Each structure stands twice: as structure tokens, then as C-alpha cells.
Amino acid sequence: MPLKIERKPITARRVMLFLAILVLIPVIGFMLVLASQQTRLILPARVNNAEPPPASLNAQYLSLPTPSGATLQGVLFPAKTASPTLILAFPGNTHNAVGFATFLKESVFPDDDIAVAAFSYRGYPNGVTPPSTGTPSQAGLYADSLLVYDVLTTRLQPKSVKVAAYSIGTAVATHLALNRPVAKMLLAAPIASVRRIAQERYPWVPVRLLLRHPFATEDVIANLTTSTTIVYSPTDGLVPRHHVENILHTANPSIPLIAVPGTNHVTLILHPETPTLIRKALID
Numbered sequence: 001m002p003l004k005i006e007r008k009p010i011t012a013r014r015v016m017l018f019l020a021i022l023v024l025i026p027v028i029g030f031m032l033v034l035a036s037q038q039t040r041l042i043l044p045a046r047v048n049n050a051e052p053p054p055a056s057l058n059a060q061y062l063s064l065p066t067p068s069g070a071t072l073q074g075v076l077f078p079a080k081t082a083s084p085t086l087i088l089a090f091p092g093n094t095h096n097a098v099g100f101a102t103f104l105k106e107s108v109f110p111d112d113d114i115a116v117a118a119f120s121y122r123g124y125p126n127g128v129t130p131p132s133t134g135t136p137s138q139a140g141l142y143a144d145s146l147l148v149y150d151v152l153t154t155r156l157q158p159k160s161v162k163v164a165a166y167s168i169g170t171a172v173a174t175h176l177a178l179n180r181p182v183a184k185m186l187l188a189a190p191i192a193s194v195r196r197i198a199q200e201r202y203p204w205v206p207v208r209l210l211l212r213h214p215f216a217t218e219d220v221i222a223n224l225t226t227s228t229t230i231v232y233s234p235t236d237g238l239v240p241r242h243h244v245e246n247i248l249h250t251a252n253p254s255i256p257l258i259a260v261p262g263t264n265h266v267t268l269i270l271h272p273e274t275p276t277l278i279r280k281a282l283i284d
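Position 205 (the sequence shown) corresponds to 205 in the working numbering; numbering is contiguous.
Derived by calculation from the structure, the hints in this document are not laboratory data. Any given hint could be a false lead.
Claimed, not checked - Okay, derived cross-link-like pairs now, BS3-like style, lysine-lysine, Cα gap no bigger than 30 Å in a straight line: (1) K159 x K184; (2) K80 x K184; (3) K280 x K80; (4) K80 x K159; (5) K159 x K280; (6) K184 x K280.
Nothing here was measured: the structure is a model prediction, and the numbers come from that model.
Please work from the sequences and hints to get the whole structure.
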């Protein structure tokens, strides 16, 4: 007698369960990647190449040990006078700290009474000095900004400290300005938060629960009293313009916005008007 195989009918419930599994597999996979690889995605410890600064700038290369055991590598372009204005520079997450500081000293602040300094973030190279050691993180970058400020102000005794920051560095700079005296601050291509960028791109992922490095300037900018200017690209490509105009500016309307048309997140710093805008925000 032949064996009969009983086939269960395919019900709508089973079809829905199968489809749900198909949908959830990539979602869960993405969540696992975000949870485990987010530091590499947000703080990749890779930077653009930069040539060594011209000898005429008299660069001083500094090593700064941190309480956590990391060592930060940086550059100081000293002033030629005592008690200078000190410009602290905070680059983007793929932006060369030495290159950024060189640009600022050479193209924006060639004055004899202005010193410019920048340090590579933890784990980041700069192509000129050995790389900074340690693993980058929001907590680490925030703590290091305070350490850099404290060490350099003790060493240089500046008459004032001003800050120029780019992209993710604007979150670091804002944290510094909320915790130390900063006379003026320039935020170029600022992010409202990594959290908001990720959540808008992936609305089906619980970003807030998974993200360890939110860099959420939007959460604290309302408390900022430092004289601050925002320079941004209305066609940024990475940071939607409403993050600047509707999130950051709405939270703190006292901060003026300067749009630079025809640029994006990368080319904003290269625009011929940008050096003048930075200088006007911090000096003039």
C-alpha cells in the first residue's frame, strides 16, 4: 500500500509569517552591523592626505598623553608674540588635523599674534607625525577636547581662545564651548547629530537604542552662549539643510547662518569665500 504524504494547506498566516521573516532578516543583519561596526562607520580613523606644512609656519609637533592611556599627536603653529589669540581646530571624521590647521594658519590667520593648533583624534593618522593612539569614540573625543584646551592654555597663556570646527568636529567643539571659556566659535558644515542622519536614512532601525556615538549637538545647542557662526552648504549632500536651518538654528536662533551656494560637504572648505567667512566670524 503506497505511503500517503499529507500536505498541509498553505494558509494566509503562513505566507505572512514567511514574508515577515524575509523582511526581518536584512533588518536584523543591519542592526547587528550598526551595533558592532558603528565606530568604524562613524569614526573610521582614515583621513585625506596632507603635505607637511611649509617651513615658514614653524610648526611644532606635540604629543599629549591622556589619562586613559592614549597619546594624541598634534601640531601647533605658534604666534610670534606673547599671550596670543589661540585658534583650536577640530576637523571632520575623515579630515586631516594637520592639513586643517595648516589651511587655517596659512590662508585664514597668518597674523603674528595668532596661534593655531589641532590634534588628530584617537586612533587617527595625519601622515606627518605618528598616529594618535587609542580607539576613537564620542566620549574620548569630548574628553580630549577639554584636555587639549587645558594643556595649551596653561602653556601659551592666550588672551583668548577661539574655535574653528568642521563636520563631526562641530559636535566636539560645541561640547568644549559648553565646558570651557571660548570667545568665539565657527561651525562649518555642522551636523545636528549622527543620530538624526542615521534615523532619517533608516527609519525602521531603532537607532537611538543602538548608537553609542550620537554626536548630538542638537540636544545641547540651546544652552550655548558662546558667540557662534554657522557656515554651511545648502546642497551639502550628507547633512540635509533642514538639519541646520530647522533643527540647530531653531534651537538657538541667536546663531547666524551663512549659506555658501554651489558647494557640498567636501567642497565647502575649498570655496574661495570660505577663508574670509571664517576670519570674519572669529576675528573681524
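Hint check results:
no. : hint        : verdict
1   : K159 x K184 : 13 Å, holds
2   : K80 x K184  : 22 Å, holds
3   : K280 x K80  : 22 Å, holds
4   : K80 x K159  : 14 Å, holds
5   : K159 x K280 : 18 Å, holds
6   : K184 x K280 : 11 Å, holds
Going through the hint list in order, the structure satisfies each hint without exception.
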